[in-house]
Structures are given as structure tokens and as C-alpha cells.
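Colleague: Sequence:
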Amino acid sequence: MATWTSTSSSSSSVSNNSIFSCFSIPPVFSQICRRNFTPFAGPRKKRRRPPPENMSVTVPISPPAPLLYDDDEPFLDFTTRNRDLMTGQVEVDDTTPSKNFPRRKKYSLGPVKCFGVELTPDNIAVAMVYFVQGVLGLSRLAVGFYLKDDLHLDPAETAVISGFSSLPWLIKPIYGFISDSVPLFGYRRRSYLILSGLLGALSWSLMATLVDGKYAAAFSILMGSLSVAFSDVVVDSMVVERARGESQSMSGSLQSLCWGSSAFGGIVSAYFSGSLVEAYGVRFVFGVTALLPLLTSAVAVLVKEQPVIASAWRQNNSLADPGFLDTFKTSIVELWKAVRQRSVFLPTLFIFLWQATPHSESAMFYFTTNKLGFTPEFLGRVKLVTSVASLLGVGLYNGFLKNVPLRKIFLITTVFGTALGLTQVFLVMGINRQFGISDEWFAIGDSLIITVLGQASFMPVLVLAARLCPEGMEATLFATLMSVSNGGSVLGGLLGAGLTQYLGVTKDRFDNLALLLILCNLSSLLPLPLLGLLPRDNSDANSKT
67 MATWTSTSSS SSSVSNNSIF SCFSIPPVFS QICRRNFTPF AGPRKKRRRP PPENMSVTVP
127 ISPPAPLLYD DDEPFLDFTT RNRDLMTGQV EVDDTTPSKN FPRRKKYSLG PVKCFGVELT
187 PDNIAVAMVY FVQGVLGLSR LAVGFYLKDD LHLDPAETAV ISGFSSLPWL IKPIYGFISD
247 SVPLFGYRRR SYLILSGLLG ALSWSLMATL VDGKYAAAFS ILMGSLSVAF SDVVVDSMVV
307 ERARGESQSM SGSLQSLCWG SSAFGGIVSA YFSGSLVEAY GVRFVFGVTA LLPLLTSAVA
367 VLVKEQPVIA SAWRQNNSLA DPGFLDTFKT SIVELWKAVR QRSVFLPTLF IFLWQATPHS
427 ESAMFYFTTN KLGFTPEFLG RVKLVTSVAS LLGVGLYNGF LKNVPLRKIF LITTVFGTAL
487 GLTQVFLVMG INRQFGISDE WFAIGDSLII TVLGQASFMP VLVLAARLCP EGMEATLFAT
547 LMSVSNGGSV LGGLLGAGLT QYLGVTKDRF DNLALLLILC NLSSLLPLPL LGLLPRDNSD
607 ANSKT
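If you use this note's numbering, the sequence shown corresponds to residues 67 to 611, in order.
Heads up, a few of these hints could be off.
As the list claims (entries may be wrong) - Using C-beta positions, here's what the derived DEER-type ranges look like:
| id | residue 1 | residue 2 | range |
| --- | --- | --- | --- |
| 1 | 399 | 596 | 50 to 58 Å |
| 2 | 288 | 419 | 24 to 32 Å |
| 3 | 427 | 371 | 36 to 44 Å |
| 4 | 470 | 334 | 41 to 49 Å |
| 5 | 513 | 597 | 24 to 32 Å |
| 6 | 406 | 597 | 51 to 59 Å |
| 7 | 592 | 474 | 13 to 21 Å |
| 8 | 400 | 372 | 48 to 56 Å |
To be verified - Derived pair list, reagent style DSS-like, types lysine-lysine, alpha-carbon separation capped at 30 Å:
| id | residue 1 | residue 2 |
| --- | --- | --- |
| 9 | 437 | 573 |
| 10 | 573 | 280 |
| 11 | 280 | 214 |
| 12 | 214 | 437 |
| 13 | 214 | 573 |
| 14 | 280 | 437 |
It should be emphasised that the hints constitute simulated quantities derived from the structure, not laboratory data. Source: prediction; values computed, not measured. Just so you know, even glycine gets a beta-carbon here, dropped at the ideal spot from N, CA and C.
Could you put the whole structure together from the sequences, leaning on the hints where they help?
Modeller: This is the structure in C-alpha cells:
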């Protein structure tokens, strides 16, 4: 029951208010108005009358019937509407006695998602670190031209330096153990992300200023690779913690977010990687690249992490303490026990062999630049196409393949990838020109299709590695499995360098390049008979219950 209190000085104006004109006024109110507002009946002596002691009166007023929409929902009253217009929410008071009013009704935006993953601060930090990994591709063409033109190295030497710079990716479990066991400035994640960014900035600054030899270049590139590998371990631990116990579909969404961010970073830097080299030179590109790792340091503040009390950690985890060393030995033993399990060892063996097939990228780079005359600007355009293709490959996996059994994915992508990889022989032998297709357009189309399949076939490796990690050893074991995969890739690069040297392919001679391409592509079929090493079940058996 609503109440309305009024004084004589305001009763007339309130009674004429259009808002309250629909209310019924009792007779007693009319008598009060006549007593206090007598019509003027002629001249009379003005006399000051004492104010009444209490002229207010409480008048019971029935609440108006709620207005209804077509769906029989009551229209909100005036007070509620004004409050909701100011707050931006539509809400009904719980104390309203009408049965027609709903208890509560709110409208708010849901969580923002990308690739099906909610963008929390931690996930944003992970995505940004992968974005930096992709945008660091700005220097990839510059490194290739620097080794080829400034240092005058052969394709085999370039492949060896590339393999040497990948060594930090082979010892990722050590970074995981350091990050988990030795907090830096009170944090296990933030501090190492900041340190990784600073190390990367230092390495590319050296490349831009002081480096002037193949050994110094190899060392600086090694430092840059170390910074990326360490930050990769830190963010991978976050990803694995979220993927544990999830279905293959959800794990695939997490990996899609990571590698989609990396592909987007590659798109951002792709075109400029060539045009900047052609316009300003490799040293300028190295200087610009030195600024990019600082983004990793910046996003470290988004990581939600409780600080570690330094005194308590020193008391329990001193490096000279036998207990700390025992803990380290125990971790190694537990890691070996996990790796030697049949369900972990056999899929890991397949991943290693699948990655260890020889590559021919260095030889093709020399052929396209020295023989076909592709400029840095054009190669930047090709890289832009391959970056978009990489993102399409992530989308292809996330949209159509993440629920497909792993064995079938590896079989289909490997067979089609091998067939399409052999089309590079057409470019080397000039067959494409016989059909009126220029070398430039053929290179772009070929790179597009091969990269889409290559990225779609690599995503299951990440998903499989994440699902193999048992609870309690997520970061260390995942880093170990990825180190094994990277080790296979490094071995494949060294085998490719050996084949390049054996077949006599140099920076000026490409007579046996077609044979090199055929051998490298057909060798990727060799691991297929070992598909039985992969787990047979598909994913959702491990869903959360």
C-alpha cells in the first residue's frame, strides 16, 4: 500500500500534477482544501493567523494496476524505470507485492571469447606471448638475406646455423624446472616473462649493431631463440593447466587460441619483413625487431599470480640444501617414470620420427632468390600469404578436425601434404611456365596450400602432447614432449643440410635440387606405418565429469 503525505501549501499544485491525476482523492481532502483556501468575498482586514499546528495528512492511495506488454509481463513503475535508466539495468524490486512482477530480470554482456576460449587476463597474456612469437617473424627474411648476402654462406651452412639456433628448444624441461622451483623477485611466472623479453631485446640489438661474423650471428640468434623458448615454457604451463581433464575439443580450442595468435602476429609483420629489408637494409630490421620482445615483458603484469615469500623459499629451497637436491632428483625420476609409460612413450616416439624427416627450406630460399630473382619485397608478400594460410590452417583444424581421431588426421594431412609438396619440383624444372603460370603466382599458390595443410597437421601434435600430461607434472612433461618434437625438427634440418651438401646443391648450383625435393617429400611418408603408436580413443573420454 503506497502512502502520500502533503501540506496545505502544496496540495493544490500536487493535485493538478498529471502524474497523479489518475489517483482517486477522498472527500476528506476536499474539506481540508475548503477550510484553508476560502474564496475572496470582499474587502476584509488582513490578519496574521498563526500557522496550524499540524496540517499534514496521510492519504491511502491504491497502487496503479501494472501495464502489460503483449507477453503479459508487467510494465515497470515510474520509480523503478527512472532508477533503471540511470543504472543501465532492468531490474524489478523484490518487495513488490504484485504477483505479476518477476522476481529479478537483468541484462548483461557475457564473457568475451575467441576460438571458444574466454579471454581472461591470463589467457590474454598467453595469446600476447604467442602473438610476439609470430610478429618476431619480421626478422626471418632479414636473417636469411644477412647470412646469404652479407656473410656469403652456402645453403648447408645456413641450415646448420638454423639448427644450432634451435638448441634452446631442446632443453625446455630445464626452463620449466627453473620457473617452478626458483622464483625470481617473488614470482614464478611474471619475472621470467619480463626477463625473457629483455633478453630478446638485447639479442636483436646486438644483431643491429655489433655482430659481424657467422659465429657472433649464431650466438645472437641463439640468445633470441632462448628468450622465446623460455617465455614459451611459461605460457605453456598455463595452457596445460587449463587443458588437463578437458576434452580433445576444448584442448584444441586452447591450442587454436595460442597458434591463432601466433599466426595473426605473423600476418601483422609479414609484408613489412620484405619491404623494410629492401628499403632500409637488414640492420634496420634487426633494430625494429629488438623492440618487439618488450611486449612480452609488458603483458607479464596480466598474469594472476600470488607472490612467493623470499625468506620462506630460501629456508625450504636453498640450492645448497640436500633437501632441494633430493627434490630435483625426485622430479627427474618422476619425469622418467612418466615418459617411459607405454601410453606416453609410444606417441612421443611417433612425434619425434614424424618431425625428423629431412627439410629443404634453405636450398629453396637460395633457389628462389639467386636463380629466380625473387626480391625481398615479393618474398614478404609470399610470407604474408603463408601467415594467412597458417591462420586458415588453425581455423580448419578448430572448425572441422578437432573432433576427428588423431590417426586419421595424421594420415590425411601427411599424404596430401606430400603430394602438394612435390609440386615444388614443377617450379624448379619450369613446368609451370609451360602452362602459362608465372613463377611468382605459382610460388604464392603453392605456399598457400602447403602451409594450410602443414599447420592443420601440426595442431594434433600439440593437442596430443597436452593430453598425455598426467596431473601434477603438466608443465615439465609438456615441455619435455615439445622438446622431443623440436629435437626431431632439428634433426630433420640437419639431415636436409647433409642431403643438400651430398647432392652438391650450393648457392650457385641447383642441378640436383629437384632430386632433393623429391627425397625430402617422400621421406615424410615413412612414419605412417607407425600410426598404431598413437592412442586410438578420440578425445571426449577425458572430459570433465
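Colleague: For residue 592 and residue 474, compare the CB-CB distance with the range 13 to 21 Å and indicate the outcome.
Modeller: Hint holds: Cβ distance 19 Å, inside 13 to 21 Å.
Colleague: Confirm or reject the claim that residue 470 and residue 334 have a C-beta distance inside 41 to 49 Å.
Modeller: 30 Å, violated
Colleague: Given the hinted pair residue 280 and residue 437, is their Cα-Cα distance within 30 Å?
Modeller: 24 Å, holds
Colleague: Should the hint that residue 288 and residue 419 are 24 to 32 Å apart at their CB atoms be regarded as holding?
Modeller: At 26 Å between Cβs, range holds.
Colleague: Between residue 437 and residue 573, does the CA-CA distance stay at or below 30 Å?
Modeller: Within the cut-off at roughly 9 Å; holds.
Colleague: Is 36 to 44 Å right for how far apart the beta carbons of residue 427 and residue 371 are?
Modeller: The hinted range 36 to 44 Å holds for residue 427 and residue 371, with Cβ atoms some 38 Å apart.
Colleague: For the pair supplied as a hint, residue 214 and residue 437, is the alpha-carbon distance within the 30 Å limit?
Modeller: 13 Å, holds
Colleague: Quick check: does the Cβ-Cβ distance between residue 399 and residue 596 fall within 50 to 58 Å?
Modeller: 28 Å, violated
Colleague: Mind checking the hinted window 48 to 56 Å against the Cβ distance between residue 400 and residue 372?
Modeller: For residue 400 and residue 372 the Cβ distance comes to about 24 Å; the hint is violated.
Colleague: Just to be careful, I want the Cα atoms of residue 280 and residue 214 compared with a cutoff of 30 Å; is the pair within it?
Modeller: 11 Å, holds
Colleague: Holds or violated: 51 to 59 Å for the Cβ distance of residue 406 and residue 597?
Modeller: 21 Å, violated
Colleague: Checking one constraint from the list: CA of residue 573 to CA of residue 280, max 30 Å. Satisfied?
Modeller: 17 Å, holds
In this structure, the hints that do not hold are numbers 1, 4, 6, 8, in rising order.
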